[in-house]
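Trainee: Under my numbering, the residue at position 16 of the sequence shown is numbered -4, and the numbers go up by one with no gaps.
Mixed in with the good hints, there may be bad ones.
Here are the in silico distance ranges between beta carbons for each label pair [stated by the list, open to error]:
#: 1; residue 1: ASP37; residue 2: LYS16; range: 32 to 42 Å
#: 2; residue 1: GLU42; residue 2: ASN4; range: 35 to 45 Å
#: 3; residue 1: GLU19; residue 2: GLY(-15); range: 27 to 37 Å
#: 4; residue 1: GLU(-14); residue 2: SER30; range: 14 to 24 Å
With a cut-off of at most 30 Å between alpha-carbon atoms, the simulated BS3-like pairs for lysine-lysine come out as follows [stated by the list, open to error]:
#: 5; residue 1: LYS1; residue 2: LYS16
#: 6; residue 1: LYS24; residue 2: LYS1
#: 7; residue 1: LYS16; residue 2: LYS32
In case anyone wonders, no lab produced these hints; they're calculated from the structure. Nothing here was measured: the structure is a model prediction, and the numbers come from that model. Note that beta-carbon positions come from the ideal geometry of N, C-alpha and C, so glycine has one too.
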Amino acid sequence: PIKDGEERAGERAQVLYGLDKISNLRFSHENPSVIKCYEDYLQKPLSDRSHKLLHTDQNTWELY
């Protein structure tokens, strides 16, 4: 949670980098689940289907 007047992004970043260093799976393109999703449904990176489902246009968002 973000608290007013309390900046903890640096601490959080250090923890995340530490977890990344010890992780067996560090890259999304090597993730077996991601690979299977592309093989079974998305076809390939930057295909029309993957682009339509995974990319967004922030200019078209409706903010409430």
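Trainee: Now tell me, hint by hint, if it's right for this structure.
Mentor: Outcome of the hint check:
no. : hint                            : result
1   : ASP37 with LYS16: 32 to 42 Å    : violated, 27 Å
2   : GLU42 with ASN4: 35 to 45 Å     : holds, 40 Å
3   : GLU19 with GLY(-15): 27 to 37 Å : violated, 48 Å
4   : GLU(-14) with SER30: 14 to 24 Å : violated, 39 Å
5   : LYS1 with LYS16                 : holds, 24 Å
6   : LYS24 with LYS1                 : holds, 28 Å
7   : LYS16 with LYS32                : holds, 18 Å
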